[in-house]
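Participant: If you're matching them up, the sequences are chains H and Z in order. Using this note's numbering, the first residue of the first sequence is number 756, and each one after it goes up by one. Using this note's numbering, the first residue of the second sequence is number 7, and each one after it goes up by one.
Worth flagging that the hints you see were computed from the coordinates, not collected in a lab. Incorrect hints may have been included.
To be verified - Taking lysine to any residue pairs in the SDA-like style, the calculated list, with each CA pair at most 25 Å apart, reads:
1. H:764 x Z:258
2. Z:259 x H:855
3. Z:19 x Z:183
4. Z:19 x H:840
5. Z:11 x H:870
6. Z:11 x H:764
7. H:840 x Z:261
8. Z:259 x H:839
9. Z:11 x H:823
10. Z:11 x H:855
11. Z:11 x H:912
12. Z:11 x Z:241
13. Z:19 x H:849
14. Z:11 x H:979
15. Z:25 x H:893
16. H:944 x H:979
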Amino acid sequence: MPSIAIRLKGVAKVYRRSHLGRSTQTVAVSDLDLEVAVGEVFGLLGLNGSGKTTTIKIILGLQSATQGTVEVLGRPMPDLETLAKIGYMPEAACLNPALSGREALRLFAALSRIPSAQREKRVDQMLERVGMASGADQRIAEYSKGMLQRISLAQALIHEPELVIMDEPVTGLDPLAIKEVRALVLWLKARGKTVLFSSHDISEVEQVCDRIGILSRGKLARVMRHDEWAGRPGGLEDAFAGAVARADGVGELRLA
Amino acid sequence: MDSLKSIAACSFKEILRQKTYLVVLLFGLILLGGALIVSVLAQQERLRMIIDLGLATGELIGLVLAVFTSVNLILRELESRTVQLVLAHPVPRSHYILGRFLGAWAAVACAMALMAALHLGLLALYGWRGAGVYVLAWLCMLAKTAVMAALALLLSLTLSSPAAAMAFTLFLWLLGHFTAEMQFLAERSGSFLIKWPLLLAAFATPDLARFDYRDFWNAAPGPDAPWFLWLALYTAAYVSTALALSCQIFSQKEV
Chain H
756 MPSIAIRLKG
766 VAKVYRRSHL
776 GRSTQTVAVS
786 DLDLEVAVGE
796 VFGLLGLNGS
806 GKTTTIKIIL
816 GLQSATQGTV
826 EVLGRPMPDL
836 ETLAKIGYMP
846 EAACLNPALS
856 GREALRLFAA
866 LSRIPSAQRE
876 KRVDQMLERV
886 GMASGADQRI
896 AEYSKGMLQR
906 ISLAQALIHE
916 PELVIMDEPV
926 TGLDPLAIKE
936 VRALVLWLKA
946 RGKTVLFSSH
956 DISEVEQVCD
966 RIGILSRGKL
976 ARVMRHDEWA
986 GRPGGLEDAF
996 AGAVARADGV
1006 GELRLA
Chain Z
7 MDSLKSIAAC
17 SFKEILRQKT
27 YLVVLLFGLI
37 LLGGALIVSV
47 LAQQERLRMI
57 IDLGLATGEL
67 IGLVLAVFTS
77 VNLILRELES
87 RTVQLVLAHP
97 VPRSHYILGR
107 FLGAWAAVAC
117 AMALMAALHL
127 GLLALYGWRG
137 AGVYVLAWLC
147 MLAKTAVMAA
157 LALLLSLTLS
167 SPAAAMAFTL
177 FLWLLGHFTA
187 EMQFLAERSG
197 SFLIKWPLLL
207 AAFATPDLAR
217 FDYRDFWNAA
227 PGPDAPWFLW
237 LALYTAAYVS
247 TALALSCQIF
257 SQKEV
């Protein structure tokens, strides 16, 4: 069993686009070195456009790195065997609206290689666990954001993954749902799972993470341990403000 | 294989629940009923007209459904990012493409079977009993929709635009009925610059006239077993090639 769950070495991602003879390129991530230990809760903090989602997609093998190497659970990505041990919860639920919650979970249970004899039982258990047993047969198109998030969570956990990756799990949620996500992360940690989540919500990150990495303009600007911010007034917020720079072309507010 | 089956089953359900699919199917069923009214114009050949109009409607609706569903099959998933969640699971990309294609084609086959059943019912009312050749004609049309669906899927992945892919597919559908003429023109052409591009286009375009069994089932002698075998092989080869290319393109796509 490897002690490092995620290892990125010199990872870079450049998007090249060409339209009507005009080429543009955007550097989403560059020189990214990152290690996340097994059993650790690691938060990826950054502003919009800082490269958080790109980093997650590279880790999952959804996008290929232009440069560098990516290893997850001891194997280079992309790798289907490794994906079977990862649970991914995207920022938007990205579920097929034509299916019901139960049908979607059945699909993901099959895709996660849960043996067919156990699938139905596992689906029922997960629906019960995420509090969606009563709304499971409704079409996803009719779900509220909270319900979508529950099904998204259920699909990420249905195969009991070793590593859970959550992309902006608290964005757009009400305070009660945010509290539940926090409890979930701590529950996963208590079960020895590795959790990587991205966010720009500092208060959430500082409450649940063992370590954080601050991404700024596609580079890892700083990595901090929990004891470096815990109990210090303005600890993580100040460190974050000092480390990041806007990359989206938006200037500062001038309130004088 | 489990992932392929599950993706195909979900795609099948998804398409059956799409409003566009249901509306086009309903339109097809209405057209079949309309064939009864139009056939009044040809009292002497009424049965023949119901058969022809019904089969033509079946092919048209099958084609519209096949092209429309296939063109949007992957592009819509890319746009809604649903594909990200599927590919974040241990699913080979080829299984995803094949599963989506099989689910969509099964939905098209379902629509065609429903239309065939209604059409056969109407024909039975007029005392027509020609089930054998009739079933073969529908099977040939189904094979034609499979070829067009595979081609539409390939073009949608190549062009990344549903409108462009749809336009190109319909153009190829049209061209596909004239491959023999293209070859004839190429043979007759004296210019090297015209002959070879024409021959290349004739071979790359699916030979769709080959699938029109309904046009010559009354010919004597009618098509024999080797004709059907050749058609089955041709369909399998064309569909497999288009799907293999689609898988190759999709394996390079970043989602």
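Participant: Taking the earlier hints as the rules, which of them does this structure contradict?
Facilitator: 2, 3, 4, 6, 9, 14
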